[in-house]
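Engineer: Given next are the chains, with one letter for each unit.
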Amino acid sequence: MTAAAEKTIVRPYGDTTGDGMVQVSFTLPVPHDKRAEGAAIQLANKMGIDPAMLVHAKPMGDGFTFFVVYGRVNHLVDLAAVQVVERDFPLLSAKEVNAVVKQRLRRKLSVVGACIGTDAHTVGIDAILNVKGIAGEKGLEYYRELKVTNLGAQVSVPELVEAARVEKADAVLVSQVVTQRDAHLHNTREMSAAFREAMPAGKRPLLIVGGPRFDETMTGELGVDRIFGRGTTPGEVASYLVHALVTSRKAAA
Amino acid sequence: MSGKLDLDPVLVARARELARRAGRPVVELARSHTTVSVERAVLRLAGVSGADPDGIPWVNRLVDAVVADVGLGHGVAAPVFDALAREGIADVTLLAQKAAAGSVRFQQPAGKAATAARKAARRAVAAGVRQVDRRRAERDRLVKRYGDPKQRPWIYLIVATGDIYEDIPQAQAAARAGADVIAVIRSTGQSLLDYVPEGATREGFAGTYATQENFRLMRAALDSSSKELGRYVRLTNYASGLCMPEMATLAGLERLDMMLNDSMYGILFRDINPIRTFVDQRFSRQVHARAGIIINTGEDNYLTTADAVDEAHTVTVSQLLNEYFAHEAGLTDELLGLGHAFEINPDVPESFRLELAHALLARELFPDAPLKWMPPTKHMTGDVFRGNLLDGFFNLVGTMTGQGILLVGMMTEAVVTPWLSDRDIALQNVRYVLGAAGGLHEDFVPAPGGFIQQRANRVLGEAVDLLERIGEQSLLTAIAEGTFGIMKRPADRGKGLDGVAAHEDDYYNPATEILEAAA
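Protein chains in written order, with the working numbering: chain A, 2 to 254; chain B, 123 to 641.
These are computed hints drawn from the structure, not numbers from a lab.
Take the hints with a grain of salt, since some may be wrong.
Lysine-lysine pairs mimicking DSSO-like chemistry, simulated, CA-CA at most 30 Å apart [as the list claims (entries may be wrong)]: (1) A:Lys47 / A:Lys59; (2) A:Lys96 / B:Lys349; (3) A:Lys96 / A:Lys169; (4) A:Lys59 / B:Lys349; (5) B:Lys234 / B:Lys126; (6) B:Lys272 / A:Lys59; (7) A:Lys169 / B:Lys241; (8) B:Lys241 / B:Lys220; (9) A:Lys204 / A:Lys109; (10) B:Lys349 / B:Lys266; (11) A:Lys148 / A:Lys204; (12) B:Lys610 / A:Lys103; (13) A:Lys204 / A:Lys103; (14) A:Lys96 / A:Lys8; (15) B:Lys234 / A:Lys96; (16) A:Lys109 / A:Lys96; (17) B:Lys272 / A:Lys109; (18) A:Lys47 / A:Lys96; (19) B:Lys500 / A:Lys103; (20) B:Lys610 / A:Lys148; (21) B:Lys234 / B:Lys220; (22) A:Lys109 / B:Lys266; (23) B:Lys272 / B:Lys349; (24) A:Lys148 / B:Lys500; (25) A:Lys8 / A:Lys47.
The calculated label-pair distances, taken between Cβ atoms and stated as ranges, are [what the hints assert, rightly or not]: (26) B:Asp505 / A:Gly49: 21 to 27 Å; (27) B:Asp469 / A:Gly221: 29 to 35 Å; (28) A:Gly232 / B:Asp505: 38 to 44 Å; (29) B:Arg580 / A:Ile10: 36 to 42 Å; (30) B:Asp505 / A:Glu222: 40 to 46 Å.
Just so you know, even glycine gets a beta-carbon here, dropped at the ideal spot from N, CA and C.
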């Protein structure tokens, strides 16, 4: 091991080791004048940038100014103290998902999705399933090796179970946006109970729920395999599906 | 502007003929079917407005009531105006309220009653169409007074906060900063709602709901910006999804200036039933033609799912189909904002020359259409510095190839919804390129037989081949088999199919009658 690799305290690098140089840009809601530039320096100082060089200031619209600041940040980074929550599955590209399913499952992976109960908000399920997707990421329909059945909104639990049976679903995705009187929790419990009743353990599809108000740690309590919260992307769901249904399963067998 | 690519005029004519051949059966289908949304649009023109306490529009309640009693295939105009006469009510919205309460029965009138009902329906709808005409004349007046943007392309900017009252100052600030066209992005998922929400809205998902009141508020705000800036600032929204005909109608009534309106987008990207889409699309385009609204087609979307080099010809094919459908519905070339995009992977060798070839091909195939040039999205990674450079090259292609409408690319695409500073930097980028190279198209003549000419001719050739293949089966089969954007969409599947009906022999739609008489 080299000396550099052992070092756990680091600083940002401009052009010299240890110079601590960073570059930031931001907007303040003040018209451009001397005071605005002073305000930008003040903000930079409070961010730990000292000395701060204001290299660019430009008025934008009415009463806003855009700044670019370079300077030396006095904070230290302790690599030994870095804490990250590791995702327990690798994030795959659409191509990789398709390749793994094709090579190792050797058939299309069947996914059935719905909004259950009275919830008519298909925003979540459509963002994950529709080709259109969300935030520039295509939905699961776009994945050549996934067979997606999107049942839409206000689907009853028996209808969902039946559709899962007909489509030989490997996974069932349920979206719940409405949370009045904990409707999302009741609906999810009802759904998982129905699947437990209708299908024996080995034959049950993977049960996944998603929505902005779920607590991702409640899987056991709700009887589902996975919960996805706000900001989940189709790619994460697809990667999880491959992990849970193909890679980790085959590895265990 | 023509003749830079040395395109074979025989091949170009062949491409148009094949597009016509592929599109004609679809037009026949559209002429012989109606949808709940077409019928609701007719009622909106006839003056039905507002919504019930649950927010369900009265047009929905009224169409549902008519369909329950007599079905959809006769058209709702005759049964509605027949009931109006029988009930002795003057106001159609009042009739809708009574129908929703279950106190009105509908029947398909015959004989004299039918003649009277049709006449009354036609009179009411004609009043709505006259309103659309007045709005168009008003636009012509304002454009004359304030003027069009000084430069081409027009600069098109997006706002989308979810709250119409936040959108308004942002749109006005964007106009002041140089935007010629403001587009208000819709809330995610609105395209799949089978009704148009009502009133001013302050909550949306990644966009603002399209409602008649929001249209009105934003148009009024941009009218005052136009006055302030001395140029007419245009407003864009979406005539797409399950309510396409109603959106077009509301846009006509509220003097919107451009509408996104693609012939196949809803089918491919929203899994809306193909027949529903084509029927809705034809009606919406007839309304756009009457209202003088520029349509923006969505070919850029194919390139976000498929490879922009390998599938470049599918853009050309879709443009040709969109052109055929648009002309058939009465839209003139000046109203055809055919779409295309700068989406080639920047790591591909000579990607900029390929983009130039593709953009010039669209320009030369459709010399009189404004053409909407869309910025990179697929290869925007979060590296905002590289993104800004790509956007600069995108702007350069736009001006070198004489595009009509330039959607301003954001370096923070795929990172955040644009910040104030992102928009400012993006506009600075556009201004620099247009200022530094705005006349470059005069000097830019690709070498005869060179890379750009060869590439453009090859894409045109591939487009003709694809159109030949589509012609051998049919457009609906091609869509079912995944020819466009890799999605497979059979004609008997998809959302909104239950809102489609074949015309009965006595089908009557006064709006279509009026719109087609003018064409």
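Engineer: Decide if the proposed pair is consistent with the structure: Lys204 (chain A) and Lys109 (chain A), CA atoms, cutoff 30 Å inclusive.
Structural biologist: holds, 17 Å
Engineer: For the pair Arg580 (chain B) and Ile10 (chain A), does the Cβ-Cβ distance stay inside 36 to 42 Å?
Structural biologist: violated, 58 Å
Engineer: Run the distance test for Lys96 (chain A) versus Lys349 (chain B): straight-line Cα separation, threshold 30 Å.
Structural biologist: violated, 51 Å
Engineer: Go ahead and decide if the range 21 to 27 Å is satisfied by the Cβ distance of Asp505 (chain B) to Gly49 (chain A).
Structural biologist: Given about 25 Å between the Cβ atoms, the range holds.
Engineer: Is it true that the CA of Lys47 (chain A) sits at most 30 Å from the CA of Lys59 (chain A)?
Structural biologist: holds, 21 Å
Engineer: Tell me if the straight-line CA distance from Lys109 (chain A) to Lys96 (chain A) falls inside 30 Å.
Structural biologist: holds, 14 Å
Engineer: So if I understand the rule, the pair passes when the alpha-carbon distance is 30 Å or less; does Lys169 (chain A) with Lys241 (chain B) pass?
Structural biologist: violated, 55 Å
Engineer: Is the hinted pair Lys47 (chain A) and Lys96 (chain A) satisfied, with a Cα-Cα distance of at most 30 Å?
Structural biologist: Distance of about 45 Å is beyond 30 Å: violated.
Engineer: The hint says 38 to 44 Å between Gly232 (chain A) and Asp505 (chain B); measuring C-beta to C-beta, is that right?
Structural biologist: violated, 21 Å
Engineer: Holds or violated: are the alpha carbons of Lys59 (chain A) and Lys349 (chain B) at most 30 Å from each other?
Structural biologist: Holds. Lys59 (chain A) to Lys349 (chain B) sits at ~26 Å (cutoff 30 Å).
Engineer: Does the structure keep Lys234 (chain B) and Lys96 (chain A) at a Cα separation of 30 Å or less?
Structural biologist: With a Cα-Cα distance of about 65 Å, the restraint between Lys234 (chain B) and Lys96 (chain A) is violated, given a limit of 30 Å.
Engineer: Check the hint pairing Lys234 (chain B) with Lys220 (chain B) against an upper bound of 30 Å on the C-alpha distance.
Structural biologist: Judged against 30 Å, a Cα distance of about 25 Å means the pair holds.
Violated hints for the displayed structure, listed by number in ascending order: 2, 5, 7, 14, 15, 17, 18, 22, 27, 28 and 29.
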